[in-house]
Amino acid sequence: MALYRRARSTRLLVVSLVMASLITITVDFRGGQHGPLESFGSKLELTVIGPLQSAVSKVFHPVSAFFGGLAHIGSLDSENRRLRADNQRLRTLVAENVTINRELARLRKLFDLQQSLGLKGVTASVVGESLSNFEWSVTIDKGSSSGVRSGLPVVTGEGLVGRVEQVSSNWSTVMLIIDPRSSVASRLASSGEAGLMVGRGRNTPVMDLVSPDATVVANEEVVTAGYRGGVYPPGVLVGFVSSEYARPGSLTKSILVRPAVDFSSLEFVEVITGTKKPVPAPTPSPSPIRRGKHKGKGKG
Amino acid sequence: MRRAISWAAVVVTALLLQSTVFARFELGGAKPDLVFLATIVLAFLEGPSSGALAGFVGGMAEDFLLNQPKGITALTLTLVGYSVGALRQYITTPSPLLPVGVVASASAAGIVFYGLVSFLLGQLEVGFGYLVRVAFLTGVYNAVLTPFLFPVIRRVAESSRATRVFRW
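Residue numbers (our numbering), protein chains in the order written: chain H, 1 to 300; chain B, 1 to 168.
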């Protein structure tokens, strides 16, 4: 009898827990991105997990580096050196940005243009990676107190990283451009053909909706298109053309794009603040974010 | 009360390790899932109702702290905890490899279930082949970690078992 009663109470417990889960799923699902559970969860994630992540990752860095090293063993030393160099270059690029921006502003004023592409940035370090196997994002150690807002574009010296998704006062998460939820209005650098680059997780991102007449050159640069009111500033390097193909029955061309940024080794990123001003018309202006060797090109 | 605290400690530790040390560990596209592992081991040691409860609490904590779609992990782990606890009563082999096998298969089954629920809700952004691969690899990684973590969780569970009076 006691055994029976115990089995029954177990079943009752399980049924009520399952009901509770289902109710949570429903409430969360109906609430959408701005539901009460979602905002509560993101606040909790960023205020509890963010600092803990940062603290524990400091302590456990050797351990996690060891595990991470298992995946790309052998290249760690050179990677470290490369990242240091990157960091250095990023700092100089930021300094250059200011000068270039000032030049740009002066030129624009001269031609009586009313806007300037004021690129201001906040440098942040990546303290955590996505915890789910179905999401591609990173946590960075800068938040609203440093001027980071949801939706701002994030870059490194190599190219476009993604955009800020959730923000708390000192931490934010950045959705990478390889996340399946991400799409970037982009353009082939040489022909100017526009398309939409959609992330596909671990697979190479694909640039869709390209005009079928477009001439595509292998290893050609793909840059952001930066439409007025868009998320990303124009001309930021996104990646390189890997190959093209036509989907059966599709009227447009699809291009596989190899991202310029190595997402497995992100350590420092730059959040671009100051894109709140309307982005000027998408003339193929050289972006300060592009690599150093391309920088001087279309300026004169 | 002591039980609650020690279980909470197990779950929080699992979540923390998951989000820091093991967040960077990624081989072949998958990571070990320590909250699954902790739930399965607790259910294995303590039976179906404790397993279901630990799974529910751990799953909710994971959903909210890691800001995933709320409730799906909780649902998955409730059922995983209950099933492991219930099936455990029918297995009598004394083999020391039993926990490893249970963790491997229950983790993989749990991930597949999670994927199916996400799919039904229209939130699964990856293909089924990828899902199966993640489930398989997560099962393997959790199995590899079991021999190290099982004794730890068993000690925590056993040290708190003396105060049975306060059982929920």
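To be clear, the hints were calculated from the coordinates, so they are not data collected in a lab. Keep in mind the model is a prediction, meaning the values are calculated, not measured. Backbone N, C-alpha and C define an ideal beta-carbon position, used for all residues, glycine too. It is possible that some hints are incorrect.
These stretches of chain B come out as covered by chain H in the derived footprint (C-beta under 8 Å, 3 or more residues) [unchecked claim]:
hint, segment
1, 29-42
2, 61-72
3, 77-90
4, 116-130
5, 142-148
Which hint numbers doesn't this structure obey?
Failing hint: just 5.
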